[in-house]
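Next come the chains, spelled out residue by residue.
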Amino acid sequence: MEDIIISTLQRTMVAGTPLLLATTGEIICERSGILNLGVEGVMAIGAVTAFIVTMTTGSPWLGVAVAIAAGMTISIIHAFASITLQANQVVSGLALTMLGLGLSGMIGKSYVGKPLLIKMEDWNIPWFSDLPWLGKIFFSQSPFFYLAILLALVSWFFLERTRLGIEIRSTGENPQATETQGVNVSKLRYLSVIIGGGFSALAGAHLSISYSKSWIEGMTAGRGWIAIALTIFALWNPGRAIWAAFVFGGIFVVQYLLQPLGISPNFLAMLPYIATLLILLLISLKDPKKLNAPAMLAEPYKRGKR
Amino acid sequence: MKKIQTLEMKKISKSFHGIFANKDIDLKVESGEIVGLLGENGAGKTTLMNILYGLYQPDSGQIRINNQDIRINNPVESINFGIGMVHQHFMLIQNHSVIENIALGYKETPFFFPKIKIREKVEQFSEKFNFNIDPDKKVWQLSAGEQQRVEIIKALLNGADLLIFDEPTSVLTPEEIKELISIFRQMKASGHIIIFISHKLDEIMDICDRVVVLQKGKIVGSTDTKDTDKKSLARIMVGRDISFNIDKKKIARGRKILSVDSISVMGDKGLDAVKNISFELFENEIFGVAGVSGNGQRELAEAITGIRPIYSGKIKINGSDITNKSPRDIYDTGISHVPEERIKFGIAPGLFLYDNAVLKQHHLKKFSRRWFLKYSKIKNHTEDIIKDFNVSTHSINSQIRNLSGGNIQKLILGREISEQPQLLVASHPTYGLDVGATQFLRRHLLSLRKQGSAVLLFSEDLEEIFELCDRIAVIFDGEFMAILDSDDKNLSEIGPMMAGSKRLKKQ
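From first to last, the protein sequence lines stand for chains A and G. Using my numbering, read the first sequence as starting at 781 and increasing by one per residue. Using my numbering, read the second sequence as starting at 16 and increasing by one per residue.
For the record, the hints were derived by calculation from the structure and aren't laboratory data. Backbone N, C-alpha and C define an ideal beta-carbon position, used for all residues, glycine too.
What follows is a set of in silico ranges between Cβ atoms, one per label pair, in the way DEER data are often shown:
| no. | chain 1 | residue 1 | chain 2 | residue 2 | range |
| --- | --- | --- | --- | --- | --- |
| 1 | G | Lys193 | A | Leu1058 | 50 to 56 angstroms |
| 2 | G | Asp221 | A | Lys967 | 42 to 48 angstroms |
| 3 | A | Lys967 | G | Gly365 | 31 to 37 angstroms |
| 4 | G | Asn147 | A | Ala1075 | 24 to 30 angstroms |
| 5 | G | Ser391 | A | Asn964 | 51 to 57 angstroms |
My request is simple: use the sequences and hints to build the entire structure.
Below, the structure is given as structure tokens:
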């Protein structure tokens, strides 16, 4: 029994990692006032590039770096459409998702089903990993796990405790007032969208080279969409995103736990998505004023217009 | 030593779409001076100051600081020259704290942990100018006066020697205005230059050393305030004598139309915005609600017209209960509404004039048959409104967003009173309109009163309230502080009542 609980929690952390990465990225992006629905597509791009580069060069870290670069590059499309052209951000984001999913399927065609033999070693944190229970759950995980938590904390720090963070958040709240204070709104928004894209790609890289160590088309399986829902659930706060992501990681894992009880696996596979709908439902019951949503989220901003 | 000893604007011209907003303007200000910029709406005051603040580029002309020619390409350069502006609509981030707002604007905010340093700065300033602001409060929790002080701190922190205030008193209570004036005096004493934009003569006379009068983009007069008086300023401002009184005859009021019985209404923030208000309205009567905006006027108007739910109390018209009925039902019982923020709530900007002329009436038999609209009737009706209400437009087949504010407001008024309402609820009907349109609208409200309708008028403009109303209620924080007849002696204390510091017993 003890073993089951420990291994469930351990896998919860693994399943929550990509959600946390993608959610943190989306939070940064949305805080600057840009809604990016392209997370799912950018994740797929990240997953496929990380997989291919790792397989061909043998270096997982190079794979991660190339994936991040690819994710950032493709996000520029969304940034250009929604910031420079002031296009509808929903449409542009959806287009990015479709582009990313399609492109990744095409690029990765010949790699489908091939196993990845290069392993990214888990990091055992000295002393801590020997702790009973906690050691296995928290301190002998893949590097992605530590990176995700570290990046979420760093993002929180940057958004809340630095001048840049105040500028990014102000941009999402009131771009016009921010501009009159001498801040370059477009530049900050580009920066935020591109950073967000890097995070999404990193989440994808985790899926293909650490989580499942293989590539198949559509392996992101809606995680990008869940990350967008988690952004709302976390009230646009990377700190809250940490536990929100791992709660959802738990829901991903709990289906394997429930299978022996005779519940249809098809039904269990729906759980994360049902849970997503439920939290969106719950959160919309809350007073919108208390949600903390960036006031100008998804509103195109044109300079010099009154 | 101040960075700006003198600032000159020479032969400044600026036009929009071929129409001059400023033409050949010369303005010179010196250290330690408070200069008033007086003019009607659309006279070009704000345009001129936006040029100085770098938001617009002049078509021609020169700006000089300390006798040196300069160019100001954007607000940041303007700030670096020592110019600061407190906009009419505050440039603040509502959801952020005072500290975060100030950190955003301050040039020397450190990158890491900016709040620590800014907190010290804010505390220093609060002490120096006797501001009492909690730096951790969110801006939306502050009163208008406090928000204005945040703007002042922002400007002064960046080393502004010349401060431009665009209609700073329009959102303040009389008490807050007094405090603002004392802040002005303090800044003047320390050598700052203040340019004060206003269309209120009293304040200009009170505050300024010198006044420059703009009319249709040109300077039509410039004088020291001690050498002039209100009446001659008014004459210069509008180019003719204006009478401060509209001809209003006393009319005996008729039977009761509306009774509001201790209603309470919630505001957007989930707090009580209207608290237990009761009053009655009669035929041939204009009932004014005076007060600083944001004290429940909007919520009260919306409750009566059915837009906002009432959670306790009752509203009756001619004895029949209309509490929480739908806006259309309420309109059909004879209550019309001229809403505040006319562009947002009064019209559909992208639709044609004739669509907008029947926004509330299209379901009536005369304009529609089942699912179809009778466009010829609608267009005839629109033509009638345009003629009767002097709406100037080249065609009823154009989008209403192309009209000026005054013409939009005339069309809205025409639409609202075309069905002879028993009660017209008018919220700030003349806000932002020029003198001509204002007089036109006021005359129509009076003629409505003469024809036997009741008018419920919300206004921040006390002159308007005094001119038009038979009875005046003073609202503060969702409650009526008093309901007074127009000849009541207590009216002289309307200022303290608006600020909530005086309250009369219910009559």
